[in-house]
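Working from the sequences, and respecting the hints, build out all of it.
Residue numbers (UniProt numbering): 1 to 439.
A hint or two may mislead.
What the hints assert, rightly or not - Here are the computed lysine to any residue pairs in the SDA-like style, where the Cα-Cα straight-line distance is at most 25 Å: (1) 100 to 72; (2) 93 to 104; (3) 30 to 185; (4) 189 to 161; (5) 11 to 156; (6) 201 to 107; (7) 189 to 142; (8) 100 to 114; (9) 326 to 386; (10) 167 to 18; (11) 78 to 7; (12) 61 to 93; (13) 326 to 429; (14) 167 to 33; (15) 433 to 119; (16) 155 to 31; (17) 61 to 85; (18) 189 to 34; (19) 320 to 422.
Stated by the list, open to error - Computed beta-carbon distance windows for the label pairs: (20) 291 to 168: 51 to 61 Å; (21) 131 to 66: 32 to 42 Å; (22) 320 to 212: 35 to 45 Å; (23) 291 to 432: 54 to 64 Å.
Quick caveat, the hints were computed from the structure, so don't treat them as lab data.
This one's a predicted model, so the numbers in the text were calculated from it and none came from an experiment.
Beta carbons are placed, not taken as given, at the ideal position from N, Cα and C, and that holds for glycine.
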Amino acid sequence: MDETGVQLINKPGKVITTKGTKDVHVLTSKERGENVSVVACCSADGRFIPPVLIFKGVNKKAEFSDGLPAGSKVYMNKKSSFINSDLFLLWLKEHFIPNKPNGKCLLVLDGHTAHSTDIDMLQVADDNDIIILCLPSHCTQALQPLDRSFFRPFKTYFNQEAQLWMKNHSNRNLTRYQAGDVIGKAWIKAACIANAINGFKACGIYPLDPNAIPDHFFSIADAVDFGRISECTESDNEEPLAPPSPRHTSVTPNFMPIEESQPSVSGTNKNSAPSETKEFTPTKLLHEVSPIPVAPIPLFKRRKQGASVLTSPLNIENLKVRIINKTTKKCRNTETLTCESRGSLKKQVGKRSKVKKAREKWSSSDEEPLSKQGRNDDNSDCQCVECFELYSKTTKTVGWLQCLECKEWLHETCTMYGEKCNRCSRTAMMKMKRTATIS
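And the structure:
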C-alpha cells in the first residue's frame, strides 16, 4: 500500500513548428492545479484494490467519484489533501479488510506517521489477522513495489488523459469534478497484472530474492560514506583513498580484473629530478584562496526508521509508553509557569491596563471582588497549594477552586488539569504509566 499525489493540470508536451519561429503557443489548463492523493494497493498475484481519492475540503459530492472504477471511494480531509491517521484507519476498515483474502495477510508500507503511530489502527489490524511491515527510511524507491512498477506508468497515462481532455474542452479548466473520469481512465490502463507482479519481483519480496536490488541504489550512500572517511583520514602528503567497490553478494571466480598497461617512461625522464616550481592554474589558486566548504559530521544523528513489524505486541506496548511519556513531559513543561509568571505574561500581551483598572475600581468601591464573594469566614485564610498566596491577601482577578482529590484550595490559573491540582494530576498519570508498563 502506498499513496501518490497528482496535479489536476495538463502538462504540455513537445510542439512541432517551423524552424526559427519565435513564438510557440500551447494550450494549458492553468499554471498550477489542485493536488489530489491517490491511495493504491496491489497484491503479489496481480490483483489491485480499487483506488481511493483524497480531496481537501469538508463537503463531499457525488460528482467527485464519476468515472472511477467500481468499488472506489472518495475521502475528504479538512486541512489538506494528504492522508492522516484517521483516513488510514477508515481505509483499513472500509476498503482493505473487505477486499483482503481469508487468513493472515502481510501489508507492506512505508514509515509515514499516518501509517505507524495510531494504536487503534494497529489493534484493528491485529484483530483481523493483518501483519503490517514498515519499510526502512529512505529506501522506498528500492523496496516499495508500487514505486518500482506502478506509479510511473500511472502518471504517464494520467498526463495523456489530461492532455486529451484539454484538447476536447479548450474553453474549460480541469477541476475536481472531472478528476474521477481522468484518473479512472489512467488507472484502468496502469493497473494491469504485469505491473503488480513485476513490482514485487523487482523488490525481491515475492519470489524472495535478496540479490534483486541493483548496485546503483547503494551508490549515493557509498559516495557519502567514502567522502566523510577520506576527509578524516586523508592528509596533504598521502594519496587519496580508493572508492568503495560495488556491493556484490556473490563473487564469480572466473572474473579477474585486467590491469591497464602503463606507458613506457624513458630513462632520462625517470632519473631526472622533479621540478621545484609548480604550475599553478587559476582553479588551483582559487581553491587555495577560497577552499570548498565541507559539511561537518554531526555528533548526534537523527534516528532513522528501521524495518519492523508494527502489529507485534512489543511494538504496540512501546508505542503506548511513548505516548504517555510525551504527554507527561508536555504537561510538566506547561506547569513550570507559576501564577506570578503567568500574570507577568498576561501583562506583556496587553492586559496590564485591565488589571490596573480593576484594582482602582475595587479600591474606590466598598464591595468585594468577584473572587471573594460567596466565601465563608472560616476559609478566608486558606492558602493556594501552587503559588502559596493567602486568600485574604489575594489581589488576582481570578476565582478559586477546590481540588477533587486532596480538597485543597488554589487559583483557577494555577492548575492545568481543570478541577484538580497539578500534584494530584501528576500522581494519577504516573499510576497509569506504571500500569501500562506492567501490563
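Below or equal to 25 Å on CA atoms is what counts here, so check residue 167 against residue 18.
-> holds (21 Å)
Holds or violated: are the alpha carbons of residue 320 and residue 422 at most 25 Å from each other?
-> Status holds; Cα separation ~22 Å.
Sort out whether residue 185 lies within 25 Å of residue 30, counting only the CA atoms.
-> holds (22 Å)
Take a quick look at whether residue 61 and residue 85 sit within 25 Å of each other, Cα to Cα.
-> The hint holds at about 23 Å.
Pairwise hint evaluation, residue 156 against residue 11, where the allowed Cα distance is 25 Å at most | holds (10 Å)
Do the alpha carbons of residue 78 and residue 7 lie within 25 Å of each other, as the hint requires?
-> Holds: residue 78 and residue 7 sit about 18 Å apart, inside 25 Å.
Below or equal to 25 Å on CA atoms is what counts here, so check residue 189 against residue 161.
-> holds (11 Å)
Straight-line alpha-carbon gap residue 100 to residue 114, limit 25 Å = holds (20 Å)
Decide if the proposed pair is consistent with the structure: residue 100 and residue 72, CA atoms, cutoff 25 Å inclusive.
-> holds (15 Å)
CB-CB spacing for residue 212 and residue 320 relative to the 35 to 45 Å hint | holds (36 Å)
For the pair supplied as a hint, residue 433 and residue 119, confirm whether the alpha-carbon distance does not exceed 25 Å.
-> holds (16 Å)
Is residue 189 close enough to residue 34, meaning Cα to Cα at most 25 Å?
-> holds (23 Å)
Of the numbered hints listed earlier, not one is contradicted by the structure.
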